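Q: Chain residues, written in single-letter form:
Number of protein chains: 2
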Amino acid sequence: MAEQVRAIRTRQAILSAAAKIFEDSGYQAATISQILTEAGVTKGALYFHFQSKEDLAQGVLAEQDQRIMVPDRTSKVQEILDMVMLHAYRLQTDRMVRAGVRLTMDQLAQGLDRSGPFVRWAEVVTASLQKAQEQGELLPHVVPAETSDIIVGSFAGVQSMSQAVCDYRDLAVRASALMRHLLPSITVPSVLASLDLAETRGATVYAEALKAADELENAGASA
Amino acid sequence: MAEQVRAIRTRQAILSAAAKIFEDSGYQAATISQILTEAGVTKGALYFHFQSKEDLAQGVLAEQDQRIMVPDRTSKVQEILDMVMLHAYRLQTDRMVRAGVRLTMDQLAQGLDRSGPFVRWAEVVTASLQKAQEQGELLPHVVPAETSDIIVGSFAGVQSMSQAVCDYRDLAVRASALMRHLLPSITVPSVLASLDLAETRGATVYAEALKAADELENAGASA
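In order, the protein sequence lines correspond to chains A and B.
Letter by letter, the first sequence follows residues 3 to 225 of my numbering.
Letter by letter, the second sequence follows residues 3 to 225 of my numbering.
If we strip away everything but chain A, and leave its shape as in the complex, we get (with noise of 0.2 Å):
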């Protein structure tokens, strides 16, 4: 248990130094001696977790996946906007989040497939829109895969867009404000009009969903 404990800090030792290297250097010009040396850790500690730069890159990429999860709520779409304004808050106060969806955007990383964030967040998305279409939240053209990709891809320019022009300052807004853009062309009415779209919601969400991974833990230390 304490070296699975201790394999687990070495693991996060080294993605947060290869986070540190991309942001810094960008993908290409990064090289794996200079996370080992932020790092701090042994050669071979390293190549035991990851095997290339490649490797260590789809490890912070995955970061940015939904480890900490919004919990269920009773309308689904919902439930998608507060994905979207958690992911919002958790991008201006987490630097791991950050460098994977900055190596997700980096155009210029050759040989790195950035595929991967975009179509696992659409999968999610498109998940929960299909059980918004079930229990009738959405207006009766919409396309599950279709809006689900809008949506994401959206979202991945406008957080590109704040962090170019104020480092993410108002990232809560502008987010707040693509989903306002988007919902009355996916959601009907009624929905609409209960829905929180306050630009406080990631950092209210994000507290709610600490404590439920607490509580989750908790309970299994005690089981």
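These aren't lab readings, by the way, just hints derived from the structure by calculation.
Wrong hints could be hidden among the right ones.
Lysine-lysine pairs mimicking DSSO-like chemistry, simulated, CA-CA at most 30 Å apart [to be verified]:
| id | chain 1 | residue 1 | chain 2 | residue 2 |
| --- | --- | --- | --- | --- |
| 1 | B | Lys45 | B | Lys55 |
| 2 | A | Lys55 | B | Lys22 |
| 3 | A | Lys22 | B | Lys55 |
| 4 | A | Lys22 | A | Lys55 |
| 5 | A | Lys55 | B | Lys133 |
| 6 | A | Lys22 | B | Lys22 |
| 7 | A | Lys133 | A | Lys22 |
| 8 | B | Lys22 | B | Lys55 |
| 9 | B | Lys213 | B | Lys133 |
| 10 | A | Lys45 | A | Lys55 |
| 11 | A | Lys45 | A | Lys22 |
| 12 | B | Lys213 | B | Lys22 |
Under 7 Å between C-beta atoms, here's a sample of chain B residues computed to sit facing chain A [what the hints assert, rightly or not]:
| id | residue |
| --- | --- |
| 13 | Met107 |
| 14 | Glu148 |
| 15 | Val160 |
| 16 | Leu184 |
| 17 | Ser187 |
| 18 | Pro191 |
| 19 | Val193 |
Listed next, the stretches of chain A that the computed footprint assigns to chain B, with coverage defined by at least 3 CB atoms under 8 Å from CB atoms of chain B [as the list claims (entries may be wrong)]:
| id | stretch |
| --- | --- |
| 20 | 52–64 |
| 21 | 116–125 |
Please read all numbers here as calculations on a predicted model, not as lab measurements.
For glycine and all other residues, C-beta sits at the position ideal for the given N, C-alpha and C.
The hints should help you fit chain B onto chain A, whose structure is shown.
A: Chain B in isolation, oriented as in the chain A frame:
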């Protein structure tokens, strides 16, 4: 006159070379001497036109601006739609536009102010939205500057997703779908019903704009 033409050609050759090197190496790693070799011009010629690497990048960035103009439309919403679809078409077909957009999206390019294209595009779209508002084309709650940022930002992400997933092959389809998702929360229904949202719209507008530019040039030459 002949000298002026030569200077314009040299400037274009340098920008093309810079676009290629930035695309291959990334902004961070690219060097002026690489660009010199690629362009096949003298150091003196390059420094006559561009003072620094950032200056070269700004030159490439500026190429995605509206050199090729959408002709005036009665409906200003259609004009905005045409700008978006034309830009999507140029991204698919023009290497220089592609290089400019990649630099804009390169969150790893330190010391390069990438806000320019976002801000300039947002200004152009804001101006058109204001005209649309004066003409009664927009829903009463629309704030042109806010909606403009959403259109520009979301398009930036949709193009990035298309590039990551399939190297721009489906960009026209995605751009049209994005506008179908955004415009219903912006435009009054009667305008919405008259819009041409076809996926081939970009190619059509490009041919039209090129013809208009040629006619303008011929008129200038004969004057």
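Q: Now tell me if each hint is right for this structure.
A: Hint check results:
Distance restraint check for Lys45 (chain B) and Lys55 (chain B): the Cα-Cα separation of roughly 13 Å lies within the 30 Å cut-off, and the hinted pair is therefore satisfied. For the hint linking Lys55 (chain A) to Lys22 (chain B), the alpha-carbon distance of about 24 Å falls within 30 Å, and the restraint holds. For the hint linking Lys22 (chain A) to Lys55 (chain B), the alpha-carbon distance of about 25 Å falls within 30 Å, and the restraint holds. The straight-line distance between the Cα atoms of Lys22 (chain A) and Lys55 (chain A) is roughly 14 Å, inside the 30 Å bound, and the hint therefore holds.
For a cut-off of 30 Å, the pair hint linking Lys55 (chain A) to Lys133 (chain B) is broken: about 51 Å separates their Cα positions. The hinted pair formed by Lys22 (chain A) and Lys22 (chain B) meets the criterion: a straight-line CA distance of about 27 Å does not exceed 30 Å. Between Lys133 (chain A) and Lys22 (chain A), the direct Cα distance comes to roughly 38 Å. Violation of the 30 Å bound is thereby established for this hinted pair. Distance restraint check for Lys22 (chain B) and Lys55 (chain B): the Cα-Cα separation of roughly 14 Å lies within the 30 Å cut-off, and the hinted pair is therefore satisfied.
The hinted pair formed by Lys213 (chain B) and Lys133 (chain B) meets the criterion: a straight-line CA distance of about 25 Å does not exceed 30 Å. Between Lys45 (chain A) and Lys55 (chain A) the alpha-carbon distance is near 13 Å, which keeps this suggested pair within the 30 Å criterion. Simply put, Lys45 (chain A) and Lys22 (chain A) have alpha-carbon atoms about 18 Å apart, close enough for the 30 Å limit, and the pair holds. The suggested pairing of Lys213 (chain B) with Lys22 (chain B) holds, with an alpha-carbon distance near 28 Å, which does not exceed 30 Å.
With a least beta-carbon distance of about 6 Å to chain A, the hint placing Met107 (chain B) at the interface is held under the 7 Å criterion. Given the 7 Å rule on beta carbons, the hint for Glu148 (chain B) holds: about 6 Å separates it from the nearest Cβ of chain A. With a least beta-carbon distance of about 4 Å to chain A, the hint placing Val160 (chain B) at the interface is held under the 7 Å criterion. For Leu184 (chain B), the shortest C-beta to C-beta distance to chain A is roughly 5 Å, which falls under 7 Å, so the interface hint holds.
At about 4 Å, the closest approach between the beta carbon of Ser187 (chain B) and any beta carbon in chain A falls short of 7 Å, and the interface hint on this residue holds. With a cut of 7 Å, the hint placing Pro191 (chain B) at the interface with chain A is violated, because the nearest CB-to-CB distance is about 12 Å. Given the 7 Å rule on beta carbons, the hint for Val193 (chain B) is violated: about 15 Å separates it from the nearest Cβ of chain A. Only when three residues or more bring their CB closer than 8 Å to a CB of chain B does the claim for the stretch 52–64 of chain A stand; here the count is 0, and the claim is violated.
As drawn, the stretch 116–125 of chain A meets chain B at 4 residues by the rule of a beta-carbon pair under 8 Å; at three or more, the given contact holds.
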